[in-house]
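Taking the hints as your guide, dock the two standalone chains into a single complex.
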Amino acid sequence: GQQVMQIPQYQHVQEGEDFTTYCNSSTTLSNIQWYKQRPGGHPVFLIQLVKSGEVKKQKRLTFQFGEAKKNSSLHITATQTTDVGTYFCAEGGFQKLVFGTGTRLLVSP
Amino acid sequence: EAGVTQSPTHLIKTRGQQATLRCSPISGHTSVYWYQQALGLGLQFLLWYDEGEERNRGNFPPRFSGRQFPNYSSELNVNALELEDSALYLCASKTSLLKAFFGQGTRLTVV
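Here the protein sequences line up with chains A and B, keeping their order.
6 is the number that our numbering gives to position 6 of the first sequence; each next residue is one higher, with no gaps.
1065 is the number that our numbering gives to position 65 of the second sequence; each next residue is one higher, with no gaps.
Just chain B, same shape as in the assembly (with noise of 0.2 Å):
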């Protein structure tokens, strides 16, 4: 079974410039969260997409939005990039209360 994908593994931007991360779930998940890990700190919630809708977001700016296509991927995009947006952007997906499963990141470097 394959597992959560996230693309790219790296990203390197300047500030003022968009960025787009993209997820693949695991097969037969609805449900795309997203969070963002700056360095050495904790997993801040950002989106969470469940049958193609957005059903809730975190304490996150406007430029920082998203969506979730038909077959359940899913597309981070973050506007008018500033310095501290630089992190590890991190996708999960999951069913009901089961666990979630993670992918291994983007790493989102803004210079």
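Looking at chain A on its own, in the form it has when it is part of the complex (with noise of 0.2 Å):
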């Protein structure tokens, strides 16, 4: 069945330094969709790409969707105590939503 993985599975950084978690499907995906959860919260929808090297940015975020449309990734760039969380990839569409195994980013002041 399909498999999406993310990597690292945790990470653990300074605050000001930059992250980047990436997410590697074992099929096509038919668009990738970025989701944070808070600790003790839900997962919140970030960001959707559908385009094949699509980039989109959110303030210090960057969003890219790989030329295969097989990875993708997240990068964040000088991060903050508030990026602390676990960022989630899932393959949006309708039978399953299908989530990668998520990141842990924990951000040291």
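Think of the hints as simulated: they come from the structure by calculation, not from any bench.
These numbers come from a predicted model, not from an experiment.
Below 30 Å or equal to it, Euclidean Cα-Cα: the simulated BS3-like pairs (lysine-lysine) are:
#1 A:Lys59 / B:Lys1099
#2 B:Lys1099 / A:Lys70
#3 A:Lys36 / B:Lys1099
#4 A:Lys57 / B:Lys1099
#5 B:Lys1099 / A:Lys56
#6 B:Lys1099 / A:Lys51
This is the structure:
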């Protein structure tokens, strides 16, 4: 079955450092969505990418969809303590909304 | 606009009992998804309901079941509870290929 893996599983950075999480699928993705889950909270939608090679930015966050539509990345520039949480990628298909394994980010002040 | 609501927030059950979790989707959303999130782990897909019917289910035993009502709200039932069923159960609603909205979740503890 379809698997969506994310690396790293966990990263601990100092405030101000950059952070990147990678999402890799065994199959071609129709689209990629990114969600953030704060500790003790629920996943919250960040963005959706649909086109091959698409790049979108939200302030310090840069999202990229691979040319083959099998991978994606989320890059955070100059992390802040408010960036703490787990970041999930997901294929936003209709049938089951497949989530990646998630990357947990810790930011030390 | 009201978001996805789940009840109860917390639920404590003993092994072997049954648990019923409820979810009300955002108005206008006909699809409801259920996920299990064990402590510190990822989101495991449980069930997908759309227009009142079960459309897909994940790799969970039959004691995990549910239904969707005519108003699109949904119930998740877990029978013969086991200790490893302790987790956060999240409900999400969406339309088509758009983003999913999650509820706050039900924290189920089996003792």
